[in-house]
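*Asks:* Sequence:
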Amino acid sequence: MSFLLRHYRSPWDRTIDPTGIPAAVARWWRQPHRTVRFVELIRAFYGRAPGSCAYAFTVFVTWWTLRGISPTAAHRLILSASTNLHNMRQDPVQVLVASAFWTEGGFPWSVLATCLTVMALAEGWLGTVRWITAFAVGHIGATLAVATGLAFAEHRGLLPVRATVVSDVGASYGFSAVFAVLTFHLGGRLRVLWASGLLAWAVHGVWHGQTFADYGHLTAVLLGFCWGALAVAGSHRLERARDRAVV
1 MSFLLRHYRS PWDRTIDPTG IPAAVARWWR QPHRTVRFVE LIRAFYGRAP
51 GSCAYAFTVF VTWWTLRGIS PTAAHRLILS ASTNLHNMRQ DPVQVLVASA
101 FWTEGGFPWS VLATCLTVMA LAEGWLGTVR WITAFAVGHI GATLAVATGL
151 AFAEHRGLLP VRATVVSDVG ASYGFSAVFA VLTFHLGGRL RVLWASGLLA
201 WAVHGVWHGQ TFADYGHLTA VLLGFCWGAL AVAGSHRLER ARDRAVV
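Numbering (our numbering), first residue to last: 1 to 247.
There's no promise every hint is true.
Computed spacing ranges between beta-carbons, pair by pair [to be verified]:
#  : residue 1 : residue 2 : range
1  : His86     : Gly197    : 31 to 41 Å
2  : Ser70     : Gly149    : 41 to 51 Å
3  : Asp17     : Ala54     : 22 to 32 Å
4  : Glu239    : Pro160    : 51 to 61 Å
5  : Ala151    : Arg30     : 52 to 62 Å
6  : Asp13     : Ala44     : 18 to 28 Å
7  : Pro18     : Ala241    : 25 to 35 Å
8  : Arg30     : Pro50     : 41 to 51 Å
9  : Pro32     : Ser110    : 54 to 64 Å
10 : Glu154    : Glu239    : 29 to 39 Å
Simulated from the structure, these hints should not be mistaken for lab results. Bear in mind that the values here come from a model prediction, so they are computed numbers and not experimental data. From the three backbone atoms N, C-alpha and C, an ideal C-beta is built for every residue, glycine too.
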């Protein structure tokens, strides 16, 4: 344990200072061999984000699978992986995992773009294990919260039967939680603006949309904020323990 403490390095101390970004970009641009350095930069960026790259590839494969089968079969496959109330009662673990890797509609441009930009940035900062944990907290926590609310509404006779077997797949809850956790990677006013904008987006969705997915996004954002705050507090305790171990 003491060996691990001595080598502990917290990611939470590495924040982005928005005031230094323009100067850093200008210095990078003035240096020679921009093309070579850009390729190296991209390679290093995605080299630190194997989970995000693997996830993006998996989502592409599942989309390709749906594209190669009939619409009826695709609909049945999506329903089998959906976190609707019926499936959550029958096989919750299976659908909680499977639902994150399927998308509905056309080509998943937004999912892939988010994976290869924001999610890759978050994974490179947090590390793969912490990034997966943050994603899981949002995806699983928000899904369970929504399922609980739907079950309560059904028990009170407020939910039609067809609403318990709707299709509901995707990674938006997990993404929302990671977006919230990224707040702790930002410094200064940018942190306040990011957190305020994210919370405003989630509240706006609940206020105007009022669907179970909107409530799920708000829940995921709040879970991300809570997980990030707890992780920062835990990191500070580990750093103090590390300092005592070194002494």
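*Asks:* Against the structure, test the hints numbered earlier, and report the numbers of the ones violated in rising order.
*Replies:* 2, 8, 9 and 10
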